[in-house]
Amino acid sequence: MHSICSQATAVPRSNFAFDSHAPALPISKPINLRFCGLRKEAFGFSGLTHSCSSRVRFTSRGHSKRISASAENNGTPPKSFDYDLIIIGAGVGGHGAALHAVEKGLKTAIIEGDVVGGTCVNRGCVPSKALLAVSGKMRELQSEHHMKALGLQVSAAGYDRQGVADHANNLASKIRSNLTNSMKALGVDILTGFGTVVGPQKVKYGKVGFPDNIVTAKDIIIATGSVPFVPKGIEVDGKTVITSDHALKLESVPDWIAIVGSGYIGLEFSDVYTALGSEVTFIEALDQLMPGFDPEIGKLAQRVLINPRKIDYHTGVFATKITPAKDGKPVTIELIDAKTKEPKDTLEVDAALIATGRAPFTNGLGLENINVETQRGFVPVDERMQVIDANGNLVPHLYCIGDANGKMMLAHAASAQGISVVEQVTGRDHVLNHLSIPAACFTHPEISMVGLTEPQAREKAEKEGFEVSVAKTSFKANTKALAENEGEGLAKLIYRPDNGEILGVHIFGLHAADLIHEASNAIALGTRIQDIKFAVHAHPTLSEVLDELFKSAKVKATTSSHVPVSEPVAV
Amino acid sequence: MANILQTSFLPSTSSLRRTPISGSKGKSQVLQVKAKIREIFMPALSSTMTEGKIVSWMKSEGDKLSKGESVVVVESDKADMDVESFHEGFLAAIMVEEGGVAPVGSAIALLAETEDEIAEAKAKSQSSSSSSSSSQKAVEEQPKQIEEAAPDVPAASSVAAAPAVSAPKTVALGSAVHPASEGGKRIVASPYAKKLAKELKVDLGTVVGTGPMGRIVAKDVEAAAVAVAGTVAASPAKPAPVAPGIELGTVVPFTTMQGAVSRNMVESLSVPTFRVGYTITTNALDALYKKIKSKGVTMTALLAKATALALAQHPVVNSCCRDGNSFTYNSSINIAVAVAIDGGLITPVLQDADKVDIYTLSRKWKELVDKARAKQLQPHEYNTGTFTLSNLGMFGVDRFDAILPPGTGAIMAVGASQPTVVASKDGRIGMKNQMQVNVTADHRVIYGADLAAFLQTLAKIVEDPKDLTF
Chain A
1 MHSICSQATA VPRSNFAFDS HAPALPISKP INLRFCGLRK EAFGFSGLTH
51 SCSSRVRFTS RGHSKRISAS AENNGTPPKS FDYDLIIIGA GVGGHGAALH
101 AVEKGLKTAI IEGDVVGGTC VNRGCVPSKA LLAVSGKMRE LQSEHHMKAL
151 GLQVSAAGYD RQGVADHANN LASKIRSNLT NSMKALGVDI LTGFGTVVGP
201 QKVKYGKVGF PDNIVTAKDI IIATGSVPFV PKGIEVDGKT VITSDHALKL
251 ESVPDWIAIV GSGYIGLEFS DVYTALGSEV TFIEALDQLM PGFDPEIGKL
301 AQRVLINPRK IDYHTGVFAT KITPAKDGKP VTIELIDAKT KEPKDTLEVD
351 AALIATGRAP FTNGLGLENI NVETQRGFVP VDERMQVIDA NGNLVPHLYC
401 IGDANGKMML AHAASAQGIS VVEQVTGRDH VLNHLSIPAA CFTHPEISMV
451 GLTEPQAREK AEKEGFEVSV AKTSFKANTK ALAENEGEGL AKLIYRPDNG
501 EILGVHIFGL HAADLIHEAS NAIALGTRIQ DIKFAVHAHP TLSEVLDELF
551 KSAKVKATTS SHVPVSEPVA V
Chain B
1 MANILQTSFL PSTSSLRRTP ISGSKGKSQV LQVKAKIREI FMPALSSTMT
51 EGKIVSWMKS EGDKLSKGES VVVVESDKAD MDVESFHEGF LAAIMVEEGG
101 VAPVGSAIAL LAETEDEIAE AKAKSQSSSS SSSSSQKAVE EQPKQIEEAA
151 PDVPAASSVA AAPAVSAPKT VALGSAVHPA SEGGKRIVAS PYAKKLAKEL
201 KVDLGTVVGT GPMGRIVAKD VEAAAVAVAG TVAASPAKPA PVAPGIELGT
251 VVPFTTMQGA VSRNMVESLS VPTFRVGYTI TTNALDALYK KIKSKGVTMT
301 ALLAKATALA LAQHPVVNSC CRDGNSFTYN SSINIAVAVA IDGGLITPVL
351 QDADKVDIYT LSRKWKELVD KARAKQLQPH EYNTGTFTLS NLGMFGVDRF
401 DAILPPGTGA IMAVGASQPT VVASKDGRIG MKNQMQVNVT ADHRVIYGAD
451 LAAFLQTLAK IVEDPKDLTF
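Note that the protein sequences, when read in sequence, are chains A and B.
Position one of the first sequence corresponds to residue 1 (the working numbering), numbered consecutively onward.
Position one of the second sequence corresponds to residue 1 (the working numbering), numbered consecutively onward.
Just so you know, these hints were derived from the structure itself, not from any lab.
Remember, it's a predicted structure, so these values are computed and weren't measured experimentally.
Do not rely on the hints blindly, as some may be mistaken.
[To be verified] Below 25 Å or equal to it, Euclidean Cα-Cα: the simulated PhoX-like pairs (lysine-lysine) are:
hint, chain 1, residue 1, chain 2, residue 2
1, B, 219, A, 329
2, B, 219, A, 321
3, B, 198, A, 344
4, A, 299, B, 219
5, B, 290, A, 344
6, B, 466, A, 329
7, B, 195, A, 344
8, B, 466, A, 480
9, B, 53, A, 148
10, B, 466, B, 290
11, B, 194, A, 299
12, B, 67, B, 194
13, B, 466, A, 299
Only chain B is shown next, with the shape it has when bound in the complex (with noise of 0.2 Å):
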């Protein structure tokens, strides 16, 4: 499933994000990114700094900046610091307002490169600052910007946001009706109702005021902002499979990543695709890994590990047909292992895993795991598999088929391992341990004789595991 997420819009801490900061220009970097439109991150003005308040804005949105003119002002623990724009472009879409906090590292606005894309990244920012479930044009904008924007759209805070407000109208309690508001042209609400309102996103046309003559107060913005958490919260911002709450007979929008999902997932109609199955005997391994297990070694490492070593043997299956026309060997052994996340999932993946020792690539899965769960994965840590695994066999699952991921060759869905009565070649029964794999691969490039031939090397290394800590 690498490449299932090839696109490239997952949360990263991608070279822009350090850029405004370090002021370390990071050209290679910049490279793989493209972006047309930027962010500008809250930046780390002291070591002890973890979060920065915008003191104010000396740009507007739509200015035009030059490198190296001051956007902002940010109060640090220690002083209050002008912030340069470290490219040039126009503001387009200032995401923390004035007076407003923000982590070291968050964006705090978008800079467009030219004038055409202010309304794109005005469009970015809005559908990133508000929840998932946010409004229908920000979705249906997504996809474009997957395609040409940056890798840092935080589609973190589509996938695992916390229900944020973002006034539908379904909780639209009717408009406020005042004596004096010109039948609701006018809105008369208390200072403190439309602060709260701007800062618990209410739109406060959609509140009715109890206020004296109808007037919108603090409590009926909160009212409201109660009401429509509730609905946010009812319906399933995060359609993971079990997801709790979900409220039956609605309609959710997908994800930023559940759209780049989809549409990785038709596109591999195209491919012809068959299947492989090997049953294999797991004891050698489970030995294995009691053993080493205290060393921090897991058992996706060792799947990886064994999977690597057997790719390295039939580098076809390591192979993927780009163009209809050619193979295409890859150069090194990547292995894409899919990780289910908040809401959709990731292949975070192990490169050159034939030739980095289990220890390391234990180490490596760990740090991989957590960068996943922190949404900080960088594109070439999620993007880059040749050979993905997919593992449901922690679920009891027995076997399975997975689907190939447009763009690489093969995808092997490993079962369970589970004890089994086995007889053997001797006559004899017994009882081991086995599971089940499944290999799905792109026929244009692989055969049969191809996977056959590489899982039954993969079947030897698995039984006599000595090499896999060489």
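In isolation and in its complexed conformation, chain A is listed as follows (with noise of 0.2 Å):
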């Protein structure tokens, strides 16, 4: 699962000051080239992951007398330090910034009292691939529509549940151990324990039943992820009502299984579990299934993923309260209205899986030690991702990243956020631009997104007094969509007819989720529709549904004179 959370958070849309001109990072030594090559490694599975490191409670504190010792030192900076930076929490985030770090010449260190990889790696977007991948090929050799159309003859495809439990797991490992490896062989040291801010620049970390050992950085990152998020009234027991944790171990694949939240997670595992011969039904508090989607590609959505699917739905309706199945009863789900809170139905299932969103995962970070409180559990953090303390200052050299301070909670955003922070405190302002930063859902075919949804977009035009306009191309136009006879999808490019601005790209078909990143990219740079659309795309492929996109976009002004980049080479 891509983005593990749903919850995310609106992102603010004025104060993002964005540099369009941004040098390439300057590589200052040669070592980075290959430190570069590992990185490329690591990310190349890790991209989509997940920020969240996993930390447990913290039970023990105040069994060493060094923590005594070093509270007395509170609030006097010490003078040298351990190291430039410290993160706290080895997930994606913390990952990102611990590689960008070292390449920009800090000394890091990073701080994990779980498993390197945090949520993503190993109970988010990377297992929840794995799985996804076996669901897209199980969906294609069940559709008999699907393989007649291209000739092809398949008989009873079936599955092994702990071979595609195994198939997840094992990725999981492999993702991990790339993580760990290339942090090691940067020179990333890994403290394992559980981290707490103690003072100003300084952190202490230990396990369980050890003393605590107390560092110093220069700059601190908080990057200690989230965790699923639970209402009350439900009660998990990890066997019939499950988190998305548990779902990703496949441990079982129930006949009938209620999801709670038609998210992205809630989405994925539908696709997961319809494959796998499950049947689902949807509980949704909003009026619509999909709600973070543009409306019309939700709607769409809906009639792909949703309607002809082995799946029904509530929608409007609250869970209160769900008890797991035991004596020999079902799972009961008792519904009330999400408005008059009238109780609506009771549903008994085979097992449900509570995808209602992320909770910060914050307890125990120590933020009152330096007067900090969290709103909802989240971090509070300005554009520049620097923490916020009660009174509204500014707490110098401490930052926090990813799902804890819930900007955006999507793996790859916290990432972005750490090399952000990284560039920061190495001497470079920089604001990062959450609008480009694209999402995207895995199912089957798969949705993603950058920037704003189209009602987003007419409320800031509104607002601010601009035109918007709305261009769309359809998936069946495209030749290799139909060579796959994958026709069904669409994108949809929102824009300012007056100056070719690009506000909002919107996919859903084949391979949307690698599609996006031509319109995350144009956005992050700052390119015009005007002047993408004279970029040149391979014929046939996918990427000429955006190819189609952009030139069919109306724009009003002119390309821009700075384009062609380069002078024309004769070849």
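If you follow the hints, you should be able to join the two separate chains into one complex; please do so.
Structure below.
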């Protein structure tokens, strides 16, 4: 599950200054080239991962005398530091920050209380991709109509649950070791234990039952991520009432599973479960399924991903009480109307998956030691990810990235935030443009998006007084998609016709998650439609869907004068 | 029999069919329709589109529609498009749900003119979407619809529909007993079971669940559907005389068409009819038929043509009595020919049969028969006959008598033409092909002498058929 967090908070739009002329990152030492290679390998697997490092509850505190000793030093920053940068949490966010810090020549340590890789690698995007790869293939093999249209004959496709589960688990271990090795190879110190901020520029860490260690650093990044959010009234037993953490182990494939929440996580699991033969009932508190998506894309996705499958749904209802199966009774789910709060229905199912979003994992971080109050668990930060204390002042040298700050709960957003912070602390002001960060849902077919949805764009346009246009293209017109017999899909471009600015792009269709980057890069680099439409796409490829999309936009502005970038070369 | 079926309930490509598609207003055609309940059809959104998928209904049942307002989003082979209403009214019944696929031109919803008609339209949509053996209520309501509703009530589906499953209580296997279903009050069915039930039109209340805790699962619904289909197939959804698989000892309600036939037959009892028979030698006709058969001429067309030519000389036989006080002399000679179709009969009309040449008439006949089979006859193609032919000769029937359809003056029953030993006037005995015809007529306007003279003329024409080909 790419974004295991469907709770992504709204991204403030106006505060992000973006330096569109960012120079290439300086490569100061030749050795970095080798590191880049390693890094690339690690990212190759982990780029979509989630940033949550998992921290287990803090149990023993104050066992060590060294703690009290160090506590006396609270409030006085040390003169010299053990590290330039300490990162608490070795999820994707922390990993991204660590690698970039090394590249910038910082002495870096990363503290991890559980396993390297965090939620994403161990309990999120990575194992879920393994399951979704299986479900995609099953779906294809089971679709007689699809196979027949291609002239293929397949009989009785089946699967072995344990084999599928092992594939997911093996993938997670492999990515985890890649991540660990990449950091070790770069010289990042991996400190094992749970990190706590004990004062300015000072962190303690240690395992339960062992004495704590105190380390100091010029700058500290909190990257502790999130855990599945379970609303009250729901009893999770890990067998019949489960969260994504359990579901990814695929210990069972229930005949009938209710999925509470129809965001990314719920949708992806519905794809997996229905492909493996389960029937699914969605329970969504809002009035429509897939509330986070552009409405048009959501509607189309519902027609393709929900309606024809063995899925039904209840919308506008809360699950107030979910009781695990026991004593021969099924899982019972009590539903109330989301608005009137009247009891509405009771469901009896074989299992329930709670996919109601993710909660920040920030308890026990010691934030009270530096006068920081979390908001619903999230660590408040400014647009440069610098932590804000209870009085509204910036806390020097303390940053928070990823799910823990709740700005955009996506693994690659955490990593981007981490890189931005490293830029910041190494002397270059950098503000990340969150509107250029793509998101994807790995259903079959996939959904991807970047920037604003159409309603958001229209709202912004009204406020700021500009015009908004929408262009759409269908996968049905794409040669490659038709060759694959996968013509179902839509790409949608939301833009300003006056200056050609791309406000948002939404894709639903074959390999949408891979296609979005042309649009997200264009937004990140400030490329306008009138310029990008002259870029050439190989034929026949799915990327021509976007080519056609850009070409179908009607922009009043003419091609910018600074393109083409280089002189034409005769060949 | 032209007007046995004069009520306009037959499926046809009436004006309304095209209206929402092409946008042609077709006012003149609408006149003959006088529909209070209109159908909304699956439009042809592109030249290659044969069926469309309902993406979403933008209006729900009961919503008021104004002309030009978007009602439904349809996905064609090319794109999604909004479909507008071409009439004002209320969206009375949605017949194809979201996600459903319907062929171009088929009804997807009913539009009622007033709010009062919504309920009626709903009943209608049920009767047409379920099979002929649908609930008693729908059957009761059908005659009413026939009297006042559009010509497009798809009686076709009643007549020839495959035995769709329509939740007959007779196959209820008892209600689901589920520990937590509060004694059957609550139905616990899996998502796929629910979808299947909707698709197969199985009432979940009648299905016994065999899943965990007595839950209804997909295979229960499938089993129930098979059980129901078995029952329905066994019961004569098509009570045509030779329909296979009629279950003895059952009572099957009339289809819409059969109901109309029944009422017309009873009505015919109020008309004083009499019959006159005649034997006609057909050797010359048979020879002519053999000669021009290769040009597509059919025996039906030849008989119709001969009859029309004879009628031209005896206009009174082409007349009828509308009010019991007067002759209505019809301006044109329109020969209706009775045709048996699944579960009923219909009378396609050869208009101006006396004026149209035999080749054109034959082509026209073929076209009408094809249309009748496809249930696409338009009202004027089956209810404008002035004289009816009924031919059972192909079954070897040598003579029979026909009931006069109300609203016409005469009907002629045609028997088989067969070799007969005949004594001629010069005392010789020979073999001739002869057929017997028997005309039933309304004696208020047509008298015995009229019929006799007409039959004599007809016999002459048939026995010397050179005039048939001009």
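Compare the distance between the alpha carbons of residue 290 (chain B) and residue 344 (chain A) with 25 Å, and conclude whether the hinted pair is satisfied. 77 Å, violated
Would the pair residue 466 (chain B) and residue 329 (chain A) pass a check requiring their Cα atoms to be no farther apart than 25 Å? Violated, at about 89 Å.
Given the hinted pair residue 219 (chain B) and residue 329 (chain A), is their alpha-carbon gap at most 25 Å? Holds. Residue 219 (chain B) to residue 329 (chain A) sits at ~22 Å (cutoff 25 Å).
For a C-alpha distance cap of 25 Å, please report whether residue 198 (chain B) and residue 344 (chain A) respect it. 22 Å, holds
Keeping to a limit of 25 Å between CA atoms, is the pair of residue 194 (chain B) and residue 299 (chain A) held or broken? Between residue 194 (chain B) and residue 299 (chain A) the Cα gap is close to 21 Å, so the pair holds against 25 Å.
Quickly compare the C-alpha distance for residue 195 (chain B) and residue 344 (chain A) to 25 Å and report which way the hint goes. OK: residue 195 (chain B) and residue 344 (chain A) at ~21 Å, within 25 Å.
Taking only the CA atoms, is the gap from residue 299 (chain A) to residue 219 (chain B) under or equal to 25 Å? 30 Å, violated
Need the status of pair residue 53 (chain B), residue 148 (chain A): alpha-carbon distance at most 25 Å? 22 Å, holds
Could you grab the alpha-carbon distance between residue 67 (chain B) and residue 194 (chain B) and see if it respects the 25 Å cut-off? 36 Å, violated
Straight-line alpha-carbon gap residue 219 (chain B) to residue 321 (chain A), limit 25 Å: 30 Å, violated
Between residue 466 (chain B) and residue 299 (chain A), does the CA-CA distance stay at or below 25 Å? 70 Å, violated
Does residue 480 (chain A) lie within 25 Å of residue 466 (chain B) when you go C-alpha to C-alpha? Since the Cα atoms of residue 466 (chain B) and residue 480 (chain A) sit roughly 67 Å apart, the hinted pair is violated (cutoff 25 Å).
Taken one by one, the earlier hints fail for this structure at numbers 2, 4, 5, 6, 8, 12 and 13, listed in ascending order.
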